[in-house]
Structure formats: C-alpha cells, structure tokens
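Chemist: These are the residues of each chain, in order.
There are 2 protein chains.
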Amino acid sequence: MDKILNYVKENNNRYIEELKDFIRIPTISTSSDYKKDMNRGAKFVSEKLKEAGLKKVKIIKTEGHSLVYGEWLKAEGKPTVLIYGHYDVQPVDPLELWDSPPFEPVIKDGKIWARGANDNKGQVYVHIKSVEAYLQNIGSLPVNVKFLIEGEEEIGSSSLSAFLKNNHELLSCDAVLISDTSLYGEGIPTINYGLRGLCYMEIELTGPNRDLHSGSFGGSVANPINELAKLIAKLQRPDGKITIPNFYKDVKNPTKKEKDNFAKLKFSNRKYAKELNVKELYGEKGYSTLERLWTRPSLDCNGIIGGYTEKGAKTVLPSKAAAKISMRLVPDQDPKTIAREFSKYVKSIAPKSVKIEVREMHGGYPVVIPLENKYLKAAEKATSKAFGKKTVFTREGGSIPIVVEFVKQLNAPAILMGLGLDTDNIHSPNEHFSLKSFELGILSSIYFLNEASGL
Amino acid sequence: MDKILNYVKENNNRYIEELKDFIRIPTISTSSDYKKDMNRGAKFVSEKLKEAGLKKVKIIKTEGHSLVYGEWLKAEGKPTVLIYGHYDVQPVDPLELWDSPPFEPVIKDGKIWARGANDNKGQVYVHIKSVEAYLQNIGSLPVNVKFLIEGEEEIGSSSLSAFLKNNHELLSCDAVLISDTSLYGEGIPTINYGLRGLCYMEIELTGPNRDLHSGSFGGSVANPINELAKLIAKLQRPDGKITIPNFYKDVKNPTKKEKDNFAKLKFSNRKYAKELNVKELYGEKGYSTLERLWTRPSLDCNGIIGGYTEKGAKTVLPSKAAAKISMRLVPDQDPKTIAREFSKYVKSIAPKSVKIEVREMHGGYPVVIPLENKYLKAAEKATSKAFGKKTVFTREGGSIPIVVEFVKQLNAPAILMGLGLDTDNIHSPNEHFSLKSFELGILSSIYFLNEASGL
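Protein chains in written order, with this note's numbering: chain A, 16 to 470; chain B, 16 to 470.
Keep in mind that the hints were calculated from the coordinates and are not lab data. There may be inaccurate statements among the hints.
When chains are identical, the list treats them as one kind, so a pair holds in a single copy or across two.
Straight-line distance between alpha carbons at most 30 Å, and here's what the computed DSBU-like set of lysine-lysine pairs gives [as the list claims (entries may be wrong)]:
#, residue 1, residue 2
1, K362, K256
2, K76, K35
3, K362, K451
4, K73, K93
Work out the full structure: start from the sequences and follow the hints.
Modeler: Laid out in structure tokens, this is it:
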C-alpha cells in the first residue's frame with residue numbers, strides 16, 4: 016500500500032497536467048457544434064483507462080454521445096465495483112463572467128479553474144488515477160472494477176438509460192461508486208446515501224371560453240387565476256403538511272440514527288436564511304431544516320401564468336390559468352402513485368365553475384441506501400482515512416435519476432463519494448475544484464477499493 | 016312636434032348619407048398616421064353642428080386631438096343639456112376578418128356596417144340630427160344645449176379630462192346626455208344609470224434572493240408562488256365575500272325598486288353560462304347575476320406570473336412571483352380608501368418568510384344616478400315613446416372614467432341613453448349599427464329635449 020500511496024504523491028503533478036488536457040476538450044453535450052469534441056472526450060477517457068492498465072476498454076456508440084466502458088475482472092472471488100462518471104460538461108455562458116477562458120484551466124489559490132474541473136472531469140479522473148496507481152505498481156486491483164463514463168449526464172443520460180436496460184449482465188456489480196456530489200464542508204469527508212425522487216405535474220384551469228372584460232363580467236363568473244390560487248393554497252396546510260390523500264402513506268421517517276447524525280452536522284438556520292436573504296425559513300412543522308430537505312417530501316410551484324403579465328394594467332378576466340407543480344419524494348413513495356393521487360385530488364377540489372386538466376410531466380424514484388450497508392461503511396472508513404477526519408453521512412434534496420436506475424436495475428448500492436463543494440460554481444462561470452480534494456479523492460478511492468476487497 | 020317628426024322621416028336618407036361621409040374619415044386616434052384624418056373628423060363634426068343651426072361652434076386644440084364644442088343657449092330659464100360623444104374610433108385589425116372595407120360603409124340587413132358606425136359616430140350623430148330637426152323647423156330648442164365631442168375616447172380622454180378641470184363654467188349643465196352604451200336587447204329602450212369604479216393593484220412577493228433548485232432547496236424555504244396563491248385565496252371567502260377589512264363599509268345595497276327592476280329583465284343564467292361555456296356561474300352568494308355584476312363589488316386577478324412558464328418542466332424554486340388584482344367598486348366605495356385597505360391587509364397576511372411589495376396602479380370612482388332623478392325619468396318617457404315599449408333601467412359592470420368626471424365635476428346626472436347592442440362588434444371586425452336604432456335614437460333625443468324642457 017505504501018508503494019501505491021508514494022506513487023500517487025510522486026505523480027500528482029502529472030495527474031494535474033493530464034486533467035488539464037482532459038478539461039481543454041470542450042465537451043459540451045447539449046450543442047451539436049461540439050460533436051467532434053465529444054468524440055475526442057470519449058477517446059481521451061478510453062486512452063487514459065488503457066494507460067491506467069485496464070485491458071478491455073471500448074467506446075460504445077449510442078444514438079447520442081458515446082459511452083466509455085473499461086473493466087479489470089481478475090480479482091476472483093472478490094466484489095465488483097462499477098465506477099460511474101461523465102465526460103460531458105455544461106455550456107459556458109455567460110462567457111463575460113469568467114475570469115479566465117473556461118476551457119483553458121488555470122491553477123490559482125490551490126484550485127483548478129475551468130468548466131468541468133469539478134463537474135465531473137476532476138471527480139471522475141480521481142478514480143482513473145486510483146486504479147492506475149494499483150495496476151502500475153502491483154499489477155492488480157483488490158476488487159474487480161468496471162468503468163462506465165457517459166457523455167450525456169448534463170442532458171438527461173437518455174442513451175445510458177437505454178444501454179443500462181439491455182446490459183444488466185455487462186454492468187452487474189456489488190456497488191456503484193460515484194463522485195458527483197458535494198462535501199458537507201471544506202475538508203469534511205462526506206458520503207451521500209439518499210436522493211429524493213420527483214413527481215412533476217401541470218394543471219390548467221379554463222373558465223370562460225374567451226378572455227373577458229373584468230368590468231363587464233367581474234363577479235358573475237369564476238376567474239381561473241383566482242380558482243387556481245385557491246386550489247394551490249389547498250395543497251398545503253398552514254403547518255406545511257401536504258393535503259393530498261395517502262401522500263404520506265409510504266413515507267419512511269428518518270431513523271433515530273439518522274436524526275442524530277443530522278443533528279451533529281450543526282446546520283445553522285440563521286446562516287442559511289441569511290445566505291438566501293429571507294427573514295424566516297419555512298417548511299413542515301416538527302422537522303429540522305436538514306430533515307425537511309433530505310428526508311421529507313415537499314411541494315413547490317415551479318411556475319404559474321395567467322392573464323395579463325406585461326407592464327401596466329389590463330382589465331382582463333382571463334379564460335385560462337396554468338401552474339407547474341412538483342413534489343420531491345422520499346422512500347418509499349412511488350412517483351406514479353403520487354401522480355395519480357395528485358390528479359384525483361386536484362380534480363376533486365376544483366369547483367364546477369372551471370374545467371381542469373392535469374398532466375403528468377415526469378417523475379423519478381427516491382432512493383436511500385441503508386446506513387448499515389457494508390459498502391457505505393467501507394466508504395466511510397476509506398474517506399475518513401484519506402481526509403484524516405470523521406466522515407459524515409448526508410442525503411440530498413435533489414434527484415439524480417440515473418443513480419436510482421443503477422440501484423434499481425443492478426440491485427446494487429450507490430456510494431456517492433462527492434468531492435466538490437456547493438460553492439465551487441458548477442454549472443456557473445468560474446467553476447473550480449480544490450487540488451487538495453483531488454488528491455484526497457484519489458486516496459479515498461484507493462482506500463475504498465482496498466476496504467471493499469474484504470467484503 | 017309633428018312638423019319636426021315629419022322632417023326626421025323625410026330626411027332620414029340624407030342623414031344616413033351624411034353618417035356614411037362621417038364614417039369614411041378614418042379617425043383612428045391611437046395612431047399618429049391618422050393625425051390629418053383626426054383633424055378632418057373634428058372639422059366634419061363642427062360643420063354639421065353649424066349646419067344643424069348651432070351658432071357658437073368651435074374646434075378646441077389640445078395637447079392631443081381636438082375637441083369640438085357647440086352651443087345653443089337661447090332657451091331662457093330652461094335647463095341646459097350637455098351632449099357628449101366622440102368622433103375617434105378603434106383601430107381596424109385584423110383587417111382580413113372584415114367582410115367589407117372598414118371605412119367604406121355598407122348598408123345590409125337593415126344595418127350600417129363599418130368601423131365607427133356604432134361606436135360612436137352613429138350614436139353621436141343621432142343627437143346632432145335631433146337638434147337640426149328642431150332648429151331647421153321651429154328655429155329654437157326646448158332647452159339649452161351644449162355639444163362636446165372629443166377625439167380621444169378610445170385612448171383614455173386625457174385631453175378632455177384636463178379641459179374639463181379648467182372649464183366648469185363653459186360646460187356647466189343640468190344633465191349630461193350620452194349615447195355610448197348598449198340596449199338591454201334589440202328594440203328594448205334602455206337607460207343606464209350606474210357604472211362601477213375600479214381599484215387596480217399589483218403585488219410582488221420575493222422569497223429567496225435568487226432562483227433555487229427545487230430539489231436542493233424544496234421544503235426548506237418559502238416558495239413565493241405558493242405564498243402568493245395562499246394570499247390570493249385568502250382575499251375571498253368560499254361564499255364569494257371579499258375579506259379585506261372595511262371593504263363593504265361604504266357599499267350601498269341595491270334598493271328594493273332596483274332589485275324589482277332587475278328581476279323583470281328576466282336574465283337567463285343558463286343562457287349566460289352556455290354562451291361563456293361554463294358549467295356553473297360563480298359569485299357572491301345571496302345576489303342574482305345582474306345584482307352581482309351591477310351593484311356589488313368584485314375582485315379579480317387580471318394576471319399572475321412566476322417561475323418557469325415555457326413548455327416542459329424546470330425544477331425551479333423561484334425568487335419572485337407577482338399578480339395584478341383589480342376590484343370593481345360600487346357607490347360609495349372610494350378607490351383611494353380601498354387601495355389603502357387592500358395594501359394594509361395583504362401586507363398583514365403575508366408571511367414573514369417572504370417580502371411583499373404592493374403597488375397601486377390606477378383607480379376610478381363608481382357612480383349611480385338615483386332612479387328618482389328627474390332627467391332619468393324624462394329619458395325614460397322619451398325612449399319609451401320613441402321605441403313604443405316600456406323602457407328598462409340597467410347598470411353596467413364596467414367603468415367609463417370620463418362619465419364619472421362629468422358627474423363629479425359638473426355636479427350633473429349622466430343620462431346614458433345607449434343605442435347599440437352587445438352583439439354589434441364594436442372594437443371588432445364587422446362593427447355595425449341598426450338603422451332602426453339610428454332612427455329611434457333621433458326620436459328619443461327629440462323627445463328627451465322636449466321632456467327636459469318641463470323640468
């Protein structure tokens with residue numbers, strides 16, 4: 016192990032130079048202008064996997080951008096770890112807000128600044144270099160390893176999703192290792208073990224068959240905006256509880272252990288409120304902010320529109336009003352069941368004076384890996400050792416659909432070993448990634464593969 | 016009187032030809048392209064007033080389009096009637112929906128088809144010809160008459176409003192006669208004696224200081240759309256009553272006589288709902304539809320916007336949401352007081368978790384002329400005689416600010432002797448005006464001046 020760790024130290028500068036080369040390829044998946052660069056990106060990843068010492072490396076063509084697959088399966092009788100990441104990046108606008116060109120990486124203040132430095136090139140490269148350190152020094156890995164690096168994460172992972180459905184055997188594994196989330200704070204080793212799901216709906220109310228003059232008609236006929244407001248207001252009680260029947264039926268409350276863990280994170284409501292510039296936080300009574308964000312479902316209007324919305328005044332009683340409403344779900348809520356219950360409920364409370372249309376937009380399952388899971392525990396040990404600090408366990412309010420697909424379809428736990436920080440400007444100008452995190456990430460990966468070997 | 020009535024009959028064809036000439040001038044006040052035509056329109060009116068026999072006729076320049084003033088004040092000891100109307104018209108788009116060119120009047124099915132045929136050239140011309148019939152046959156009028164015909168009614172009457180403020184003496188009168196509203200039904204003589212007022216407000220709620228990801232933040236912080244919906248929902252009780260404190264304090268209920276009148280109009284809820292294509296009407300409990308429209312205040316959202324409103328789904332927890340909300344007012348509600356009460360109330364019910372901004376957009380006073388008013392009674396007799404039917408009294412849900420200004424500033428009742436029909440397509444393609452209404456309108460005007468003489 017010392018040999019491997021020394022190798023990492025000695026080769027750190029080379030790693031960074033290679034990462035810079037990786038970053039210089041503008042792999043913006045959403046724009047067809049970068050099709051060639053996307054191919055170059057996939058090529059780069061496959062080359063580096065080969066250089067690391069993996070034997071069976073291939074670029075898999077899809078309807079969209081290519082997948083890169085590589086494997087090393089000679090650890091007979093040992094578990095298999097599937098390492099997932101992505102080589103595509105977000106667009107760079109607004110360009111004028113960048114302090115240096117987005118695809119010309121700069122080292123400054125112990126960080127590497129560029130688009131993709133963090134999300135996800137920096138974080139995925141950690142694992143390639145960890146595997147290289149093993150294979151180049153001792154010629155073997157303590158576990159079997161599969162790499163699956165995609166090029167469509169920023170645009171919905173649809174090609175990977177299709178590939179996954181048809182390749183359960185190729186991708187079969189005991190755990191999925193992913194570094195694409197955040198540390199709870201700088202220098203704090205963090206394992207994320209839960210994601211919320213999503214149920215996204217659209218409601219449209221129609222009142223009169225045309226826009227009316229609010230003077231000539233006001234008071235005689237239902238106004239769809241007023242009715243939509245009443246309907247939305249009825250979706251939550253004053254204490255923040257969602258009123259849809261059976262909504263909480265399948266919700267699993269956080270365990271005592273989880274609540275204790277969250278309490279230890281010393282989350283500051285005051286700091287959080289100040290950062291968002293609100294006088295008071297709001298949410299379901301009886302739960303702390305972290306509990307609400309990570310372990311409780313929520314309901315938010317994501318958009319609303321109706322009538323006259325330009326400057327000035329127009330006395331219209333509109334024909335239509337519409338809202339987009341999404342709910343974040345937690346285990347074991349089922350997005351399909353929730354969509355059905357939502358639809359039934361809003362139709363039941365809409366007054367006869369308006370017509371209502373309810374549309375299901377999309378959904379995704381929530382996931383939680385039990386804290387007792389042995390791969391989670393291995394990741395805890397590994398990151399704690401690498402960072403020299405006690406590892407914290409977090410969950411996440413958002414959804415990462417592809418992660419849930421891995422868990423459900425491969426029947427394997429997802430180990431979210433995030434290395435970035437919430438303040439690293441991923442998806443924004445001046446994205447960056449700490450070189451310290453990069454180095455500790457490589458060590459975490461090395462320790463994790465070693466720990467997993469004993470399971 | 017017979018001589019006068021015969022004259023009207025004999026000259027009817029000439030009247031219609033003159034009206035056609037009037038209509039042919041494209042007096043679109045909102046577009047600067049028609050400035051010359053606006054001047055021609057004012058000139059036409061002043062010529063016709065002179066030809067009718069009025070002596071002191073003048074075109075009054077303003078900051079906008081000219082006013083035309085004319086008077087005949089030789090009926091010593093008799094009341095003075097101010098006749099108001101406008102020579103400007105609405106734009107004509109969409110042109111392709113017209114069956115014949117908008118400024119080339121066509122006679123078809125007993126109607127005259129063209130922009131302005133009804134609103135307001137046809138209706139104002141009625142009074143010019145009524146006065147002509149008197150002066151050309153007996154050389155005098157039974158009352159004193161002042162004409163004030165403006166060119167900015169379709170764009171807000173701002174020049175007239177300024178002129179009115181400074182010319183109370185010139186315009187002083189005992190009643191203002193206006194034909195710019197509708198008959199309750201075809202062939203039914205109608206006097207409108209009330210208009211609702213208006214208080215138009217805007218609310219903006221700000222939650223977090225920026226748009227947030229609804230996954231990462233949903234459930235931890237107030238969503239301004241959800242809060243705006245709750246706030247709007249709180250403005251009305253389930254029975255339709257508006258909850259703003261003191262809102263109804265100055266509201267005068269319709270009198271027994273009025274309620275009886277409305278009941279006699281045999282308004283059909285079923286037909287009304289069918290025409291608007293709604294299953295059920297909605298409004299304040301305890302009042303009929305006409306009572307709600309004409310005698311009760313109302314509250315409508317005229318517009319709402321927040322978050323993502325394009326096609327598809329975006330998981331945003333927005334920073335802001337805004338709504339335009341207007342209230343129609345009835346005597347003796349004061350728009351300024353209502354704006355203050357509204358603002359105070361919504362601020363008091365907004366939760367601390369959002370910032371609220373309330374803006375007053377504009378307002379206007381309601382007006383009702385008591386049914387006992389002698390000029391209303393004179394108008395009732397006159398129209399009943401002309402149409403050969405019992406006259407009905409209506410009120411109107413909308414506001415006509417300049418009418419209220421006349422009433423308040425000149426301290427005179429407004430007699431709204433409308434001659435059009437709601438189905439006459441004013442402001443739309445294929446505007447038209449019944450030639451029968453035109454003729455009966457002239458008779459109504461003649462009888463009214465005669466009736467007013469005895470007051």
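Chemist: The structure should be examined with respect to each hint, and the outcome stated for every one.
Modeler: Hints and how they fare:
1. K362 with K256: both (19 Å within a copy, 24 Å between copies)
2. K76 with K35: within (25 Å within a copy, 74 Å between copies)
3. K362 with K451: Cα proximity of K362 and K451: none, with 54 Å in one copy and 49 Å across.
4. K73 with K93: within (23 Å within a copy, 104 Å between copies)
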